[in-house]
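**Student:** Sequence:
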Amino acid sequence: MQTAKVERQYASQLRKIAAHVGELINTIWVPEDPAVADRIGQALERYAQIIEPWARVVGRRMVEEIDSRDRRAWREASAEMSRLMQAQLNSTDVGALTQQRLGDQVRLITSLPRDAAERVHKLTLEGLTQGTRAREIAAEIMRSGQVSKSRADLIARTEVSRTSTEFTRARAEDIGSTHFIWRTSRDSDVRPSHKALDGKTFRWDEPPECDPGHHALPGAIWNCRCFPEPVF
Numbered sequence: 000m001q002t003a004k005v006e007r008q009y010a011s012q013l014r015k016i017a018a019h020v021g022e023l024i025n026t027i028w029v030p031e032d033p034a035v036a037d038r039i040g041q042a043l044e045r046y047a048q049i050i051e052p053w054a055r056v057v058g059r060r061m062v063e064e065i066d067s068r069d070r071r072a073w074r075e076a077s078a079e080m081s082r083l084m085q086a087q088l089n090s091t092d093v094g095a096l097t098q099q100r101l102g103d104q105v106r107l108i109t110s111l112p113r114d115a116a117e118r119v120h121k122l123t124l125e126g127l128t129q130g131t132r133a134r135e136i137a138a139e140i141m142r143s144g145q146v147s148k149s150r151a152d153l154i155a156r157t158e159v160s161r162t163s164t165e166f167t168r169a170r171a172e173d174i175g176s177t178h179f180i181w182r183t184s185r186d187s188d189v190r191p192s193h194k195a196l197d198g199k200t201f202r203w204d205e206p207p208e209c210d211p212g213h214h215a216l217p218g219a220i221w222n223c224r225c226f227p228e229p230v231f
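Numbering follows numbering that gives the first Met the number 0, in which position 92 of the sequence shown is assigned residue number 91; successive positions increment by one, without gaps.
Be a bit skeptical, because a hint or two may be false.
Simulated pairs of lysine-lysine, DSBU-like, Cα-Cα distance not exceeding 30 Å [claimed, not checked]: (1) K15 / K199; (2) K4 / K121; (3) K4 / K15; (4) K4 / K199; (5) K148 / K121; (6) K148 / K4; (7) K194 / K148; (8) K15 / K148.
None of these hints come from the bench; they were simulated from the model. Fair warning: this is a prediction, and the values are worked out from it, not measured in the lab.
Let the sequences and hints guide you as you build the complete structure.
**Tutor:** Written out as structure tokens, the structure is:
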């Protein structure tokens with residue numbers, strides 16, 4: 000299932016938050032003011048609370064679009080299924096999964112300003128305790144907007160793929176699938192550890208170790224564009 004367009008749209012929305020985070024920090028930041036980190040933290044916490052309703056709308060839009068695309072993909076493939084499997088597929092309840100994925104999006108979107116506040120606090124503390132030059136600390140703090148933008152892109156890429164994988168799994172398991180084939184995008188960006196899994200079959204409930212110390216389904220770990228092909 001192609002999700003690149005959804006990812007671009009989602010990333011575009013999240014970058015707006017990242018840009019505002021950078022603007023807030025740059026506006027409030029005063030060099031060599033010991034209380035400035037606390038003021039920035041308070042402002043960003045207020046911002047995180049303010050954007051929660053917006054985050055819910057944007058998150059829901061992404062989750063519902065992925066759900067719609069997944070249903071469409073299953074319909075296109077259903078010609079090869081029995082009528083019983085088609086009927087079961089049409090009745091699959093993904094309501095709980097939708098709410099879970101939506102909750103995750105709200106938490107991640109509102110974490111953008113909160114994580115930026117934590118970063119400013121940490122940098123300020125380093126300046127006080129480690130003797131880092133004020134100019135270096137200020138330069139790093141001024142980069143907060145760019146750091147948040149990079150994280151916004153990572154969230155969009157990871158969460159769109161993860162959501163797609165979860166909907167595919169829910170519908171596949173509901174009609175009796177117990178295994179999937181790991182598929183990669185087969186381009187130069189595929190991680191070597193993921194390339195080694197390409198074409199191999201695994202149980203849905205026993206995902207392989209795709210990165211050192213991490214077991215996950217394809218598309219369900221950071222920066223992964225792999226996807227599962229259900230086995231019936």
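**Student:** Each of the hints needs a verdict: does it hold here or not?
**Tutor:** Results of checking the hints against the structure:
Distance restraint check for K15 and K199: the Cα-Cα separation of roughly 39 Å exceeds the 30 Å cut-off, and the hinted pair is therefore not satisfied. Only pairs whose Cα atoms come within 30 Å are accepted, and K4 paired with K121 is rejected, the gap being roughly 36 Å. Using a Cα cut-off of 30 Å, the hinted pair K4 and K15 holds, with the two alpha carbons roughly 17 Å apart. Only pairs whose Cα atoms come within 30 Å are accepted, and K4 paired with K199 is accepted, the gap being roughly 28 Å.
Taking the CA atoms of K148 and K121, the gap is about 19 Å. The hint holds against a cut of 30 Å. For the hint pairing K148 with K4, the CA-to-CA distance comes to about 18 Å; that is within 30 Å, so the pair holds. Of the supplied pair hints, the one linking K194 and K148 holds, its CA atoms being roughly 28 Å apart against a limit of 30 Å. Restraint check for K15 and K148: the C-alpha separation of about 8 Å stays at or below 30 Å, so the hint holds.
Violation of the numbered hints given earlier is confined to hints 1 and 2; the remaining hints are satisfied by the structure.
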